[in-house]
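Assemble chain W onto chain S, guided by the hints.
Residue numbers (the working numbering), protein chains in the order written: chain S, 142 to 583; chain W, 142 to 583.
By construction, these hints were calculated from the structure, which means they are not laboratory data.
Being a predicted model, the structure only gives us computed values, none of them experimental.
One or more hints might be untrue.
It does not matter which identical chain is meant; a pair holds if it fits inside one copy or across any two.
As a list, the in silico DSBU-like pairs of lysine-lysine whose alpha-carbon atoms are at most 35 Å apart [what the hints assert, rightly or not]:
no., residue 1, residue 2
1, K269, K280
2, K269, K329
3, K445, K503
4, K329, K479
5, K436, K190
For reference, the chains in residue letters:
Protein chains: 2
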Amino acid sequence: MAAQPVCASGPGGSGELAAGVAMAVVVMKFGGTSVANVERIRNVCRHVKREVDAGNKVAVVVSAMSGATNQLVAWVREASLLHDAREYDAIVASGEQVTAGLTAIVLQSMGLQARSWQGWQIPVITDKAHGAARILDIKGETLRERLDQGEVAVVTGFQGIEPERNRIATLGRGGSDTSAVALAVALKADVCDIYTDVDGVYTTDPRIVPKAQRLPKVSYEEMLEMASLGSKVLQTRSVELAMLYRMRTRVLSSFVAPEAMQPFRLDGLEDIGTIVCDEDEIVEQQVVSGIAYAKDEAKITILKVADKPGIAARVFGPLAEANINVDMIVQNITPDGKFTDMTFTVQAAELPRTLEVLKSAKESIGYNDVMASADVVKVSVIGVGMRSHAGVAAQMFQALASKGINILAISTSEIKISVLIEAPYAELAVRSLHSLYGLDKD
Amino acid sequence: MAAQPVCASGPGGSGELAAGVAMAVVVMKFGGTSVANVERIRNVCRHVKREVDAGNKVAVVVSAMSGATNQLVAWVREASLLHDAREYDAIVASGEQVTAGLTAIVLQSMGLQARSWQGWQIPVITDKAHGAARILDIKGETLRERLDQGEVAVVTGFQGIEPERNRIATLGRGGSDTSAVALAVALKADVCDIYTDVDGVYTTDPRIVPKAQRLPKVSYEEMLEMASLGSKVLQTRSVELAMLYRMRTRVLSSFVAPEAMQPFRLDGLEDIGTIVCDEDEIVEQQVVSGIAYAKDEAKITILKVADKPGIAARVFGPLAEANINVDMIVQNITPDGKFTDMTFTVQAAELPRTLEVLKSAKESIGYNDVMASADVVKVSVIGVGMRSHAGVAAQMFQALASKGINILAISTSEIKISVLIEAPYAELAVRSLHSLYGLDKD
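The following block holds chain S by itself, in its conformation from the complex (with noise of 0.2 Å):
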């Protein structure tokens, strides 16, 4: 991919920033922890202004205060527990809005202009899938134009509106990362960062290995491997948009003190937070760059299958149209060849129904009985550099062998490989790991 051009002020430039040096359109983007009150919203206005007074033009795009979307669920469930997901739509929105408009005041306190923006307002069109809607558009420029006029632009995370109904429709929990992303792209901005609690990336959760360290640089691909795989630091489907169209992200902390931090520059950036990008912008590059591990996993075990074709189909049937994703798949072949024990692991929350869907298709799979544990983990290894070197499956399963730590599966990319272990050996896989791909800090 061709460097991006670095002139976003008309040609000519003259005029009063130094010449060479031209503004940048960026999207920031900042979480409920971050926004938890006004005196966190008036810090996250400091970097805002940060920005704008560097010459930039800023869209910001912010999350409910943290707590707020949680009250607002609580009274929805309070109100009935089947409730119509338009209008649980239409409550935990209100949430966005309240921040945004907070966020406005207290920018122009400072003497900047801004303006709050509803998704509708924008609009940012949805599909129908109200509570884990999907952005279709973002009709952005309108919004572009104000940016270029001086304006800075702050958008609600999280939501859109449906335009068939006219209906507001969420994202789904941590959508606010997507919007951010989306976003960025219908402004074509140069920079997305994200805002969080944490300052970047890490090359896996420094609760469990202090070793740990901040990756500088992760490609899109080791990202949304990370997001799937247990990482929290951002969503899959907003690290899915930005590899879709390469929007370069950031993740850093809104905890630093915002004038302690550099401005965006397109002419070069500083060594802080996780940059999101291509591969190729990575000239170091690990053959493994991170571990995640993933408690919220469940084992299912169906013992004594017929070992005959299309017996997975139908295991798996009624699982898919009831929605429950399965993610590892094993098969054992029991001594007489003709009966077989599946295992697979789906979402723990899902068990509950997952065992209820085996059960009524007990007659139709044919099966003995049915075992199910939530007390097991998965454990991944990732990094792009494994495309190109061999070995690296061996030397994990050994690494956990010698530990004695037993695999019940494994399930494999190109960039990564998961284990699933029994929960209490998580902590001594991952820090084994850590130090087996030489990611411990020295």
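For chain W alone, coordinates are given in the frame of chain S:
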């Protein structure tokens, strides 16, 4: 107009919906205390269900959960004391959004068809006066179609959309009453029922006069005077609208057991709450219908201004420019005939600004000194019967004099007389006048 038949349970009493009883369109408005939590919203929905079960077509208007708006306003003030009214509106409008969604969910859980509507979705068109906007138009066609299909419309009170900038505008505190009446007009409703925490309009405040009585009916004109003279039951603007469009409006308590009330019927209403209606629907009209009092008055006296033409303009011009409403005005003549003292009243909240305006206009007005007091109360007697009965004022002044109560200022209209008195005499004055005009309960 013919007197209203006072028959609640219908003729003959055969069958569920007796022949000839048409379905009515009913707008039901519930204030903040009526929807303070999900349990109370459930109670509200039982009121709605009663109407739907009786065959009525129902639109519900809801306020924010009590306390919610205060929290939102507090955040706005913390963000900045000088805030953009458009952002304020975007923030505070979220309160009703939450209640509307929750109400729709509860109604659905009771087996009713329902959906929430935000001001911009209907749309409710307002002018540009953010924070105190006026409704210009309500496009009620879609809503009316939905009602005709048996769906309950749950509408956010207090807000609409300013179409030019496509931004949410609020009507000011208490604006949900106005939303309800305006919606009732747009839907050509048969009645606008305002549910509140009192069971109707009283001859005066029952907390001061235990002998106060509920008024079964009150005329638009009287209600308008009561609202603007201190009764908090209905918002003034909503009564103006009801009067303008002759929209029959009832004041009812939401805390009465929903099933203990009769549903609205076109052919007769039970004697419950207060009906605000045309004067000639009220058969036994009293000369005086009620006594109102307002504590939020402040009295200002400008001492020794020149007694010459144009002086009033020089005093009240600057106040009008500053958007300060002057209510009662008294001008005394001092012995030498050259100078005069001017006394007038403003809202107590406006007192500091009023004094500031007068101070900066001191040169152009030319006065000696200014005295101010917020320790005054305005007591008013109201009744359309005054038009045809002389002597009401004389009786009033005599009664107050006999109690030793000094009258500081007087203002009158065709159907009301207001006097300004010192605050400590307020209760005595109200009680005396309540007896004087025969309003005491037996």
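To see whether the hints hold, each was checked on the structure:
1. Taking the shortest alpha-carbon separations for K269 and K280, both the intra-copy value of 18 Å and the inter-copy value of 25 Å come in at or below 35 Å.
2. In the homo-oligomer, the alpha carbons of K269 and K329 lie at most 35 Å apart both inside one protomer (26 Å) and across protomers (33 Å), since each shortest distance falls under that limit.
3. Taking CA atoms no more than 35 Å apart as the test, K445 paired with K503 passes inside one copy only; the shortest distance there is 12 Å, against 99 Å between copies.
4. When the C-alpha separation of K329 and K479 is checked against a cutoff of 35 Å, the pair qualifies neither within a copy, at 59 Å, nor between copies, at 74 Å.
5. Within a single copy, K436 and K190 get their C-alpha atoms no closer than 39 Å, and across copies no closer than 46 Å, so neither meets the 35 Å cut-off.
Of the hints listed earlier, those the structure fails to meet are numbers 4 and 5, in rising order.
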